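Here's the letter readout for the chains.
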Amino acid sequence: SQTIHQWPATLVQPVGSPLSLECTVEGTSNPNLYWYRQAAGRGLQLLFYSVGIGQISSEVPQNLSASRPQDRQFILSSKKLLLSDSGFYLCAWSVGQGGNTIYFGEGSWLTVV
Amino acid sequence: AQSVAQPEDQVNVAEGNPLTVKCTYSVSGNPYLFWYVQYPNRGLQFLLKYITGDNLVKGSYGFEAEFNKSQTSFHLKKPSALVSDSALYFCAVRDGTNAGKSTFGDGTTLTVKP
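Residue numbers (this note's numbering), protein chains in the order written: chain W, 36 to 148; chain C, 13 to 126.
By construction, these hints were calculated from the structure, which means they are not laboratory data. Quick caveat, the model's predicted, so the values are computed rather than measured. Be careful, since some hints might not be right.
[To be verified] Ranges between beta-carbon positions, derived for each pair:
(1) W:86 <-> C:15: 49 to 59 Å
(2) C:68 <-> W:53: 46 to 56 Å
(3) C:17 <-> W:100: 26 to 36 Å
From the three backbone atoms N, C-alpha and C, an ideal C-beta is built for every residue, glycine too.
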């Protein structure tokens, strides 16, 4: 069966420091990978989307970047964090297109202080 | 463009009563519709989806949803609510041309009181 791992679970970082959140998927090949941000426990904002290694689509211009160095690995990064980067970050995966389900990791809480 | 609306921020029901969480959508093609549940400080869990076929879709934990094309709605329902159903519920929509990217609603908090 497929599983998704996301870490760290919680992170407190000072303003201006770098960020690296990692996500890996097991049990499937060539997944679509996503990074979402959820603010204040409400709606999800799609940040990045990837259909393959090195292929990243940025949905919202911002202080963050994403990379996919391996087929089942997706990394969210920042060189210098802003206070507004605080939130709950969710990695997710799906296979194919159309009606295939997106499955989520357990999330990472980022607090920028 | 695709969009989804969850008109109620909060739904309160008594345990044992039926529950409905509303969702309406807009897509340019045929819709793929999803419901997810989120418990505090957790990721989203998939409940059910509509792709094609029967308008009534059954999912996990006794939940079901009815697709209504004319009203562009996909309401989540359960005949008898449990206190443990209390959580944040998200509706999501995707059309077949959107390369796997879904749009999520803002969520509805369901509170089931004993």
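Checklist entry - Has the hinted range 46 to 56 Å been met by the Cβ atoms of residue 68 (chain C) and residue 53 (chain W)? => result holds, 49 Å
Item to check | Verdict for residue 86 (chain W), residue 15 (chain C) (Cβ pair) under range 49 to 59 Å | outcome: At 23 Å between Cβs, range violated.
Item to check | Range agreement (Cβ of residue 100 (chain W) with Cβ of residue 17 (chain C), hint 26 to 36 Å) | outcome: Given about 31 Å between the Cβ atoms, the range holds.
Consistency with the previously given hints fails for number 1 only.
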